[in-house]
Every structure is written in structure tokens, then in C-alpha cells.
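Engineer: Keeping their order, the protein sequence lines are chains A and B. This note's numbering numbers the first residue of the first sequence as 628 and each following residue consecutively. This note's numbering numbers the first residue of the second sequence as 75 and each following residue consecutively.
Note that these hints are calculated values from the structure, not bench results. Misleading hints may appear alongside valid ones.
Taking lysine to aspartate or glutamate and the DMTMM-like style, the derived pairs with C-alpha atoms no more than 20 Å apart in a straight line are [what the hints assert, rightly or not]:
hint, chain 1, residue 1, chain 2, residue 2
1, A, Lys-637, B, Asp-104
2, A, Lys-630, B, Glu-343
3, B, Lys-362, B, Asp-112
4, A, Lys-630, B, Glu-368
5, B, Lys-364, B, Asp-111
6, B, Lys-91, B, Glu-101
7, A, Lys-630, B, Asp-123
8, B, Lys-76, B, Asp-104
9, A, Lys-630, B, Asp-104
10, A, Lys-630, B, Glu-359
11, A, Lys-630, B, Glu-339
12, A, Lys-630, B, Glu-121
13, A, Lys-637, B, Glu-359
14, B, Lys-82, B, Asp-95
15, B, Lys-238, B, Asp-112
16, B, Lys-362, B, Glu-343
This structure is a prediction, so every number in the text was calculated from the model and none was measured.
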Amino acid sequence: MIKPMTFWQKVIAYSSLAFVLICTVLGILAIWVMLSE
Amino acid sequence: MKLSAEAKSVLQSSLAKNKIDENEQKEIEDLIDGLPDDRVLIYKNVESDPLGDIYRYSIHIRLQHMLTFVTFLTLAFTGLPIHFFNASWAEPFNSILGGVDVTRVIHRTIAVVMVSSMLYHILTLVAGTISRILSGTFDIRRTIIPLWKDAKDFKDDLLYFAGKRLQRPEMDKFMYKQKLHYFAASFGNTVMVISGSSFLFPELWASILPASISSEFQELMRLSHPHEALLALLVVAFWHWYNVHLAPGRFPMQWTFLTGKITREHQIEEHFLEYIRNLVELPDERKKLKEMMESRGLFNQSANADQGS
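With the rest of the complex left out, here is chain A (with noise of 0.2 Å):
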């Protein structure tokens, strides 16, 4: 069992999920771009 994370911490691990979404998003779209030229 995990204890819950403070408020900050949320945010830290949030804002880092978040970006390491959107790279994913990019590099899929840079990828899918690439293929299709």
C-alpha cells in the first residue's frame, strides 16, 4: 500500500507524466509524417 502523495508531489509526478505524453504524441505524429513523405 502506497500512502497518498502530497499536493506537490502530484503535481511533480503529473507535470512529468504529462510530458512524457506529449513527447510520445510528437514522436508518433514525427514518425507517422516521416513514413508518409
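Dock chain B against the given chain A, drawing on the hints supplied.
Structural biologist: Just chain B, lined up with the frame of chain A:
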């Protein structure tokens, strides 16, 4: 809890390496005896700090990860627009940075930082290994070196995920997946450094290699550099980020890369053999585990009494 032969061997070697006296040894053995056999019950019932409870990575390893993380992304976001410079999507990337000539300078400068980080990592590995050998605490099972056990763990973990096994295998400090990922990254980095250096220093490579193959070598390197980069990006996005951000138990983020600590729950679930060593090395961890198990009614005092009688 009845330990497997592997866990017993880890416990014995850890007791010997840490020169644990008889009283403390009895305390450790009693604690292990009183734990439930079902490891799932243990890791589902211990309390963990999301930022981590047990020390795992030194400041050097964390710094190297940060350097790799920053340089890898910067190199990918400058390298791809250099390779596909006339593609529609690459033009804005290059223009933001001041044109493809500027992107090239940034890419090469960051590449020097990445190579320095690799050298720093090699230095840490060599110095850490020598110091452990000299202090008599070196244990190959605790390193990233792949062993036959990893193949067995992989098979057992697949059986567990297929519902054919009740518990995950007892894995060491680095599990099969981490070892595979580490060597894939090492191979990828080596390919990138060799191919990248062949673009920067073609004369040097031509002077080292036989004249008959140096032209083919350059061609091979021109092909490898962008393809290995794309492969690495895909591995990081779909494998590494899944494992550290999205996997059950890790969501929304595993903090180890910042704090250097792993949660107690994660250590027991995926690195149980290392947790056995933690129980030997950290008296405070023994106390905490016993209190947590007792408070949940999961510590079997009679197991110790039976042993004693």
C-alpha cells in the same frame, strides 16, 4: 515463510558478508520465519512512501540518468530534423533553432555531453566494482550482468502473467527486463557514438580501417545513425516510459530517478532477493516490517515458537 534455495543462499552470503553476529542472525531468521508464505500478502500490506523507502541508486547513477535523459531528448529533437531537413515538419524545428547549421552545432555539442556521461558511467562502474571486490562485498547476483537465472525468471514471470503461476519469481536487484533494457541501451549508445564520430572524423576512421572497407563503413554508419535513433526513441517511448510511468504500481511516476529510493512494496514484489539483503543490512527495516505485519495480523509468532521448541 519458507525461503527457496535461492533466497536461502542470498541470505547466507549476505549474513557472512556483513559479519552478522549470532543474536542478530537469530532475529533476522525469526522475522523471516514469521512472515506469510504468500509474498503478495506481504507487499500488498506493507506501507510505502511514494518517494521511496529503500536506498537503491547512488547520486552518480542518478546524475548519469539525468544527463542521459536530457541529452537523449535534445539529440533526438535536433538529430531528426537534421536527417530529414527538407521534410515539411523538420523545417519549423530547424527555423526555431536558427537554421539547420545551428541545429548541427547544438547536436554535436550535446553529443559531447552524452559521451562524457557514458565515460562517467564507465568510471563509476569500474570504481564501484573495484571497491566492492576490495571490501569483500562484491556479489555478481547483485550486478546488472545477465545470468542463467534471468532466463528462468523470464519464463516464470510469463507463466505468472498467463495465470499459470501463483507468484512472481524471486528476482534480484536487477530483474531480467532491466538487464535487457540496459544492454540494449549500451549497444544503441555504442552504435550512435561510433557512427556519429565517423561523420565528424571521417579521416580518422579511414586511417584506422583497411582502405578496402572504409567507404562501405561510412555508408553503413550513415544508415545506422538515424535508424538506431528512431529505434531508441520507440524503445524509450513505448517500453521505458510505460514501465516507469504507466505500469500498475508505478503510476503516475516512479520517483527512484530523483530520490534514488525504491518503494518497499516494489522491492518485495520485483526484487525480493535484494529485499532479503536489505533485511540483513538495515536493522530499522526489520523493525518496520515486523511492526507492519503484526499490525495487520500477518506475523506468525508461533512459527518462531515452533522453531525454538
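Engineer: Hints broken by the structure, by number, lowest first?
Structural biologist: 1, 9, 13
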